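Following the hints, position chain B with the ligand against chain A.
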Amino acid sequence: MDKFQTFTGIVAPLDRANIDTDAIIPKQFLKSIHRTGFGPYLFDEWRYLDHGEPGQDCSDRPLNQDFVLNQERYRNASILLTRENFGCGSSREHAPWALLDFGIKTIIAESFADIFYNNCFKNGILPIALPSEKVESLIEKTKLNIGFSLKVELDKQILIDSNETVIPFDIESFRKDALLNGLDEIGLTLSRVEEIKSFEIDHLKKYPWIFKS
Amino acid sequence: MIGKTLFDKLWDSHLVRENEDGTSLLYIDRHLIHEVTSPQAFEGMRLANRSLWRTEANVAVPDHNIPTKDREKGIEDPISKLQVDTLDANCDSFKIKEFKMSNPNQGIVHVIGPEQGLTLPGMTIVCGDSHTSTHGALGALAFGIGTSEVEHVLSTQCLIQQKTKNMLIKVNGELKQGITAKDLILYIIGKIGTAGGTGYAIEFGGDAIKSLSMEGRMTVCNMTIEAGARAGLIAVDQKTLDYVKDKPFSPKGALWTEACEYWETLQSDENAVFDKIIEFNADKINPMVTWGTSPELVTDVENEIPFSSNDKFQLALNYMGLEMGMPIKNILLDKIFIGSCTNSRIEDLREAAKIVDGKKVSDSIKLAMVVPGSGPVKLQAEQEGLDKIFINAGFEWRDPGCSMCLAMNADRLEAGERCASTSNRNFEGRQGQGGRTHLVSPAMAAAAAIKGYFVNVTNADWGN
Ligand code: SF4
Chain A
1 MDKFQTFTGI VAPLDRANID TDAIIPKQFL KSIHRTGFGP YLFDEWRYLD
51 HGEPGQDCSD RPLNQDFVLN QERYRNASIL LTRENFGCGS SREHAPWALL
101 DFGIKTIIAE SFADIFYNNC FKNGILPIAL PSEKVESLIE KTKLNIGFSL
151 KVELDKQILI DSNETVIPFD IESFRKDALL NGLDEIGLTL SRVEEIKSFE
201 IDHLKKYPWI FKS
Chain B
1001 MIGKTLFDKL WDSHLVRENE DGTSLLYIDR HLIHEVTSPQ AFEGMRLANR
1051 SLWRTEANVA VPDHNIPTKD REKGIEDPIS KLQVDTLDAN CDSFKIKEFK
1101 MSNPNQGIVH VIGPEQGLTL PGMTIVCGDS HTSTHGALGA LAFGIGTSEV
1151 EHVLSTQCLI QQKTKNMLIK VNGELKQGIT AKDLILYIIG KIGTAGGTGY
1201 AIEFGGDAIK SLSMEGRMTV CNMTIEAGAR AGLIAVDQKT LDYVKDKPFS
1251 PKGALWTEAC EYWETLQSDE NAVFDKIIEF NADKINPMVT WGTSPELVTD
1301 VENEIPFSSN DKFQLALNYM GLEMGMPIKN ILLDKIFIGS CTNSRIEDLR
1351 EAAKIVDGKK VSDSIKLAMV VPGSGPVKLQ AEQEGLDKIF INAGFEWRDP
1401 GCSMCLAMNA DRLEAGERCA STSNRNFEGR QGQGGRTHLV SPAMAAAAAI
1451 KGYFVNVTNA DWGN
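These protein sequence lines are chains A and B, in that order. Going by my numbering, the first sequence opens with residue 1, and the numbers climb by one from there. Going by my numbering, the second sequence opens with residue 1001, and the numbers climb by one from there.
So that you can see chain B by itself, here it is in the shape it has in the complex:
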């Protein structure tokens, strides 16, 4: 019998029915909700006089709009406030579990799902947010949806979907010392392009993926959408189970044992057939820095901005205020942002803190900020003394939220400002109109804060 991929297994176990027209009705186990993409869905449900299908399947948190400092003063911007208030009111009236802004467990939706044990292996998970792909790191089928589909899930616990194709990206060998999951995924996007995964669910495998921590795996799956694939997946192994164990909402006792027995089957079969397989060697990868306005416009920190006659290169460089042939290390920075659902977990903060420990942020940097991904991440970092390391170096230590990843709140770049950011999108205006974003790992962003320009953190003498 022909084997199944992990994606096939997850798909099949959630298939309510296959329709005659080639679409399928897929059951959704977990629905994560935030303030930006849900108000119109709740409104639609009310207007159509429909009720919520399964209350406990839903969990909500405000993250995009909320301030990252002086939170006790509330939300200043009245339009943002209305959106967050609307989320609170909708959750209250439908009795949906919500981690409100004042809740110590509040955080970025894709950070708190796994952290709270609300994201479990084998689940189908959706959210009105493209970075829902993050949750695939736990062996779940997770993908972003639009607001109409948010309403569909609220009302029916199902989605009408067409099955995507299977891709395996295998990363063989070992990452070099100091090379992170962020460098790895930026490297992959650089190779396959931002549309390389369109129409596929991508499973990541190979020794380099297996040796990543759960945080690292989440970083990789998080940015799968930047390669065009709605879902990223990584097989369940002992690391997954160890991570999920004892989380607030993960199963306990006999249920835990029963769940583990099932979760251990969540890998692609040996003889599974993928529609496409791409292989990379991990030892080829160096710290990566994007130089353009799309995550695929990326290169190794030791390189120069490539020469090309492609129009899209020139367009991007005009916006970025850079030139072909310029060494990445000559790029001078104004701001540093360490945060976002890509890189704001405890391991990310530890890596960055290791770099800045005992050093000072360069005088040429106007603002360097660390925004932990959630309340628990923040608390853990403080217990480990990381906050002190950052503050002593001259970083601002903020409250959890999306912050300058998309600049919906007050944290943003001004026109022309250049930022080393651990987030996931370097699109025009993403971090503020006219702002210029370079995507990097937490360690690279930390070192750039110290020097004021990019350095190769894997060189022992980068600080000299």
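The shape of chain A in the complex, shown without the other chains:
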């Protein structure tokens, strides 16, 4: 995984609560056996007026002009701003893959669903939970100012807008470290091979039936 670096990006407001992973990437695209190529199908049912199928060329599909990411001012957004319980529903990692493939590097929401939140970190996406009044005021700002951008400084845990307004955010230290260092979690666990093996021997003694099948 690449290291998460400070960046400044355009903020797109998706003013809706409970956006589920079925909406982020509909089921037909889950048939792919690859990790990439989901970007054109991100929010497919909201973004296009027709029905999309995997592998389809999206360049001449009819766009839903009302959908936020189709509006010229938000086309190049890399920060998504949304409401409570973002990413609820299925565990599909295709949801963060699609967001990433589209170019989203940070998601700001009032709250996130657990599995989705966790999946973001495995893919170098930073999910930031902010209180609803903060989200509300950011949504206002994005609507009023074309090109409204935020600078995301993960090491300092702050967001900064062009007026130098600073918004601090919380993040657990282990998650922050993992993103900043682009940690290979599996590699990390594998550095504990001996511990896992000795745990396993003990576990087998205590609960031998688990190992019979």
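These are calculated hints, taken from the structure and not from any lab test. It should be emphasised that the depicted structure is a prediction, and the values quoted were computed from it without experimental measurement. We put the beta carbon where it would ideally sit given N, CA and C, even for glycine. Some hints could be false.
Below are the DMTMM-like pairs computed for lysine to aspartate or glutamate, each with C-alpha atoms no more than 25 Å apart in a straight line [stated by the list, open to error]:
1) B:Lys1004 - B:Glu1264
2) B:Lys1354 - B:Glu1174
3) B:Lys1312 - A:Glu136
4) B:Lys1165 - A:Glu136
5) B:Lys1163 - A:Glu136
6) A:Lys156 - B:Glu1020
7) B:Lys1165 - A:Asp170
8) A:Lys141 - A:Glu153
9) B:Lys1388 - B:Asp1399
10) B:Lys1081 - B:Asp1021
11) A:Lys212 - B:Glu1258
12) B:Lys1097 - A:Glu200
13) B:Lys1312 - B:Asp1399
14) B:Lys1329 - B:Asp1461
15) B:Lys1252 - A:Asp184
16) A:Lys206 - B:Asp1012
17) B:Lys1073 - A:Glu53
18) B:Lys1165 - A:Glu172
19) B:Lys1163 - A:Asp184
20) B:Lys1163 - B:Glu1264
21) A:Lys176 - B:Glu1018
22) B:Lys1163 - A:Glu195
23) A:Lys156 - B:Glu1264
24) A:Lys206 - B:Glu1414
Label pairs and their calculated CB-CB ranges [stated by the list, open to error]:
25) A:Gln71 - B:Gln1383: 46 to 52 Å
26) B:Ala1089 - A:Leu144: 51 to 57 Å
27) B:Ala1048 - A:Cys58: 27 to 33 Å
Positioned in the frame of chain A, the structure of chain B with the ligand alone reads:
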């Protein structure tokens, strides 16, 4: 000494180490695999030149993509076929036990785990699927993971986790006659909301939970994720042990006795402390029907769609083509789906069959289908003659799989079609783009098939 919750006990017995940063390395006993969330994990493992940690811990089954009829013709959709073939090839090359599409024991991953005795009390169980919470009904710590974590488990048999908080949902008293586990869990989600359990593992307790069958308990734990909690849990009791006994892969002989001694300790201690406790009275619950695009937008069949100035209500109603104040019983349906890992076990099919026995599906219903959760469920139902009851009434009797729960195969709603479904998600487009889903119990779906609209199945004269 302060007592432990069931969740604490399961957590502690699988703790390989606690890291300095507050995370833990947790050992995983059972890993269930299906075709949709695993191909990239196997690929990742190969690319990194890593090997499978413990072959026997893994069990695979294709369920999401496969057809529910004319199976002998194979999978028509080439992209779906490639995904299932990839699963088969990965399992063959890593020697992972797989119930292939043609295997008589194939079924939905969360149905076959308990059914085969691959899900056992006291285990940690993960799967690249959010409804892994189902397995918690047997007193196991079970939760859904993403594909990166699937790869982590394949390569290390462990996961780096942060311990969640403990919640107890206690349902006191007795459910009224005809009220099912599905009504109970929909009622709870209606009360606590789809994010009510975020950050928690939820243990369900109280007399109403204890009196549920194992199938009913699985329905409750299955939908825990719809309340935001990754894991649902129910303490082990005699019913659990009776259910697990003699399953194909459950321990036998002396090992069985030894296992039972341990499993009997799998309850929260009397003096255990929960971070949050919520109590409900079972006798308040009526048959439930969702009317919106989130499982929390739910009400009693006797009610009207509530009035609210909340934007999310109006947004949901626009999609559903419904209005505030409309009685639930006035909702006309196009399709009926009885199936999914929430409600496709033998007890669910029996409940539905009891309702349709001797009756006919309404002419206004375009399609009514029953999709058993697994090969063994299907066989058992056929031995009991349930298939005949459904077929005679005008239902289609299909082969096991996820089917119209998520519509990855050919079973789906067309735009604007309205479905009474026993599945777990009524999100926009979940059962097909533009499709409209109402989540209900099997009995409620069956009665809706007969009438063409929702009725209260607990009223003796609903059929008149
Ligand atoms: S039946 Fe539905 S919810 Fe269950 S595993 Fe299949 S797709 Fe997921």
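Quick rundown of the hints versus the structure:
1. B:Lys1004 - B:Glu1264: 15 Å, holds
2. B:Lys1354 - B:Glu1174: 22 Å, holds
3. B:Lys1312 - A:Glu136: 16 Å, holds
4. B:Lys1165 - A:Glu136: Distance of about 29 Å is beyond 25 Å: violated.
5. B:Lys1163 - A:Glu136: Measuring from Cα to Cα gives roughly 31 Å; hence the hint is violated.
6. A:Lys156 - B:Glu1020: 21 Å, holds
7. B:Lys1165 - A:Asp170: 19 Å, holds
8. A:Lys141 - A:Glu153: With a Cα-Cα distance of about 19 Å, the restraint between Lys141 of chain A and Glu153 of chain A holds, given a limit of 25 Å.
9. B:Lys1388 - B:Asp1399: This hinted pair holds, its Cα atoms lying about 15 Å apart.
10. B:Lys1081 - B:Asp1021: Outside the cut-off at roughly 43 Å; violated.
11. A:Lys212 - B:Glu1258: The given pair, whose Cα atoms are some 14 Å apart, holds under the 25 Å limit.
12. B:Lys1097 - A:Glu200: 21 Å, holds
13. B:Lys1312 - B:Asp1399: 37 Å, violated
14. B:Lys1329 - B:Asp1461: It holds: about 14 Å lies between the C-alpha atoms, which stays within 25 Å.
15. B:Lys1252 - A:Asp184: Not OK: Lys1252 of chain B and Asp184 of chain A at ~41 Å, beyond 25 Å, violated.
16. A:Lys206 - B:Asp1012: 13 Å, holds
17. B:Lys1073 - A:Glu53: Within the cut-off at roughly 23 Å; holds.
18. B:Lys1165 - A:Glu172: Roughly 15 Å between the alpha carbons, so the hint for Lys1165 of chain B and Glu172 of chain A holds.
19. B:Lys1163 - A:Asp184: Between Lys1163 of chain B and Asp184 of chain A the Cα gap is close to 21 Å, so the pair holds against 25 Å.
20. B:Lys1163 - B:Glu1264: 24 Å, holds
21. A:Lys176 - B:Glu1018: 18 Å, holds
22. B:Lys1163 - A:Glu195: It holds: about 20 Å lies between the C-alpha atoms, which stays within 25 Å.
23. A:Lys156 - B:Glu1264: 49 Å, violated
24. A:Lys206 - B:Glu1414: 53 Å, violated
25. A:Gln71 - B:Gln1383: 46 to 52 Å: 59 Å, violated
26. B:Ala1089 - A:Leu144: 51 to 57 Å: Holds, since Ala1089 of chain B and Leu144 of chain A (Cβ atoms, about 54 Å apart) stay within the stated range.
27. B:Ala1048 - A:Cys58: 27 to 33 Å: Holds - the Cβ-Cβ distance for Ala1048 of chain B and Cys58 of chain A, about 32 Å, lies within 27 to 33 Å.
The structure does not agree with the numbered hints 4, 5, 10, 13, 15, 23, 24 and 25 stated previously, though it agrees with the rest.
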